[in-house]
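Student: All chains, please: the whole structure from these sequences, using the hints.
Numbering (this note's numbering), first residue to last: 862 to 1162.
There may be inaccurate statements among the hints.
[Claimed, not checked] Listed next, the in silico DSS-like pairs over lysine-lysine satisfying Cα-Cα at most 27 Å (straight line):
#1 Lys-963 - Lys-916
#2 Lys-1093 - Lys-1037
#3 Lys-1098 - Lys-1085
#4 Lys-928 - Lys-1090
#5 Lys-1096 - Lys-1128
#6 Lys-1017 - Lys-1085
#7 Lys-1128 - Lys-1089
#8 Lys-928 - Lys-1096
#9 Lys-916 - Lys-928
#10 Lys-1002 - Lys-1017
#11 Lys-1010 - Lys-1128
#12 Lys-1005 - Lys-1017
#13 Lys-928 - Lys-1089
#14 Lys-1085 - Lys-963
#15 Lys-1075 - Lys-1089
#16 Lys-928 - Lys-1085
#17 Lys-1075 - Lys-1093
#18 Lys-1037 - Lys-1085
#19 Lys-1140 - Lys-1085
#20 Lys-1085 - Lys-1010
Rather than coming from a laboratory, the hints here were simulated on the basis of the structure.
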Amino acid sequence: VLPVPQSFEDIKNLVTMPDFGGFSNPKVWIVGATIAIVASIETLLCIEASDRLDKQRRITDTNLELKAQGIGNLVSSLIGGLPMTSVVVRSSANANAGATSKISAIIHGVLLLICVLSIPMILNLIPLATLAAVLILVGYKLAKPATFKHFWHLGKFQFIPFVATVIAVVATDLLKGVGIGLAISIFYILQGNMKRAYYLSREKLNDADGINIKLAEEVSFLNKAAIKKTLKNIKPKSNVIIDARGTSYIATDVLEMIQDFANIRAKEEDINVELLGFKTSYKDYESSEDSHVLITHTRAM
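Tutor: Structure, rendered in structure tokens:
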């Protein structure tokens, strides 16, 4: 229930200054560290989901996001506020409304502040069941039946961890659910790595603007961060060759990231991209197929 201040004095009473004597209490440090870890993990998960909702396939700077969250939580705590995190519900609502910039998040925050200060009594009248229905609708859009069907066709190495994560999150909470899903994913990855190793190499070509990225025999989601960083640092008007001729398996999210780079960002930044040896699909850890496709994007003159 939101407080309903009747005067300026009531508003001043809502601001609670921190008790710095708590720094000498070890329990305060434990609780603070726990909140920081949980909030950071939740924010990183939200960023991963939000980047997938972005039609322009932009990549969020996670370090900058966590720094901003830390500063915001520090200021909030100094006036008696609660810690805050990124929430996929808000990001999904903005994306569905057609928002394409950070202005939507700023407007969202300003509108919330105006409503809390001007009409708290009306907000208190909104039934919790109504808010629950909104959350259910947003959750359905993020995990609709078509998503389950998509992962089913990708094979059990993608489908089982996905379903296990969804069930665990619903049955427990976000942090435990993600932990369970991560443990199951690691099990399948280790099972695949028993058959083949993986590595990532990146080398400059003779041309100063040429970049050659050779993928390993197996590229899992563990390689995603390194590949994402490499693609992000590629400058406009570069010549890029991504070689997968010796690759037998590429995780779905890594493959989608490479395709988005070649089909969207490369065109926008005049980058010449040549994809060598990519298969039409990669399912589980099956035997290597002989059929490969050559996908070349040539920048416009």
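Student: All hints are to be evaluated individually against the structure, with a verdict given for each.
Tutor: Here is how each hint holds up against the structure:
Only pairs whose Cα atoms come within 27 Å are accepted, and Lys-963 paired with Lys-916 is accepted, the gap being roughly 14 Å. About 31 Å separates the Cα atoms of Lys-1093 and Lys-1037, which puts this hinted pair outside 27 Å; it is violated. Straight-line distance between C-alpha atoms of Lys-1098 and Lys-1085 comes to about 23 Å, which keeps the hinted pair within the 27 Å bound. Proximity of Lys-928 to Lys-1090 is assessed by CA-CA distance (about 19 Å); at most 27 Å being required, the pair is judged to hold.
Between Lys-1096 and Lys-1128 the alpha-carbon distance is near 13 Å, which keeps this suggested pair within the 27 Å criterion. Note on Lys-1017 and Lys-1085: the hinted pairing holds, with a Cα-Cα distance of about 20 Å set against a maximum of 27 Å. Using a Cα cut-off of 27 Å, the hinted pair Lys-1128 and Lys-1089 holds, with the two alpha carbons roughly 18 Å apart. This hinted pair checks out: Lys-928 and Lys-1096 have alpha carbons roughly 25 Å apart, not beyond 27 Å.
Straight-line distance between C-alpha atoms of Lys-916 and Lys-928 comes to about 25 Å, which keeps the hinted pair within the 27 Å bound. With a C-alpha separation of about 23 Å, the suggested pair Lys-1002 and Lys-1017 falls inside the 27 Å cut-off, and the hint holds. Between the alpha carbons of Lys-1010 and Lys-1128 the distance comes to roughly 31 Å, so the proposed pair goes past 27 Å and is violated. In summary, the hint linking Lys-1005 to Lys-1017 is supported, as the alpha carbons are separated by about 18 Å, within the 27 Å threshold.
Only pairs whose Cα atoms come within 27 Å are accepted, and Lys-928 paired with Lys-1089 is accepted, the gap being roughly 20 Å. Restraint check: the Cα-Cα separation between Lys-1085 and Lys-963 comes to about 25 Å, which is no more than 27 Å; the hinted pair holds. In summary, the hint linking Lys-1075 to Lys-1089 is supported, as the alpha carbons are separated by about 14 Å, within the 27 Å threshold. Distance hint between Lys-928 and Lys-1085 is fulfilled; the C-alpha atoms sit about 22 Å from each other, no more than 27 Å.
A C-alpha spacing of about 16 Å is found between Lys-1075 and Lys-1093, which places the hinted pair at or below 27 Å, so the restraint holds. For the hint pairing Lys-1037 with Lys-1085, the CA-to-CA distance comes to about 23 Å; that is within 27 Å, so the pair holds. Restraint check for Lys-1140 and Lys-1085: the C-alpha separation of about 18 Å stays at or below 27 Å, so the hint holds. Simply put, Lys-1085 and Lys-1010 have alpha-carbon atoms about 23 Å apart, close enough for the 27 Å limit, and the pair holds.
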